[in-house]
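**Student:** Residue numbers (the UniProt record's numbering): 1 to 125.
Hint data in this document are derived by calculation from the structure and do not stem from the laboratory.
Where a beta carbon is used, it is the ideal one built from N, C-alpha and C, also for glycine.
Heads up, none of these hints are tricks.
The calculated lysine-lysine pairs, modelled on BS3-like cross-linking and capped at a C-alpha distance of 25 angstroms, are:
1) K46 - K19
2) K123 - K8
3) K123 - K9
Beta-carbon label-pair distances, calculated as ranges:
4) H48 - G106: 58 to 64 angstroms
5) I65 - G122: 45 to 51 angstroms
6) V115 - A50: 45 to 51 angstroms
7) K49 - A111: 44 to 50 angstroms
8) R96 - I16: 24 to 30 angstroms
9) T112 - K86: 31 to 37 angstroms
10) K21 - E98: 39 to 45 angstroms
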Amino acid sequence: MANSLHVKKGDRVKVIAGKDKGRVGEIIAVFPGDGRVIVQGVNLVKKHKAATPNQQTRQNNAAGIITTEAPIDASNVQLVVKVDGKDEVTRVGYERQEVTKRRPDGTEYTATRSVRIARKTGKEI
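Kindly produce the complete structure, drawing on both the sequences and the hints.
**Tutor:** Following this line, the structure appears as structure tokens:
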């Protein structure tokens with residue numbers, strides 16, 4: 001499907017469609033091959049987990065019914081940026097910037113790299 005997404009791990013996003021529409025959270029995982037993301041506190045599902053044989057030795061392996069986040073489609077989230085101290089949603093654009101790179105032998109050369117920009121503010125994300 002898609003090889004790259006408009007959002008990355010650690011971005012603050014707002015859900016714009018689905019049962020959690022309007023919620024804001026941080027992306028904790030990205031699956032570019034599937035075009036899906038996991039947002040903290042969004043699309044919560046309950047999973048039944050059995051105890052492992054050596055449950056007494058592992059404290060963090062809780063058994064029972066566990067609530068966790070499930071992936072949602074990346075098209076259902078929009079990036080949130082700070083504009084004048086307020087959180088606002090924005091589209092993501094891309095620009096090519098010239099940078100100076102250094103080779104292992106010490107010589108320098110110019111190249112371009114792609115950076116994400118917020119369409120609302122025009123600033124680099």
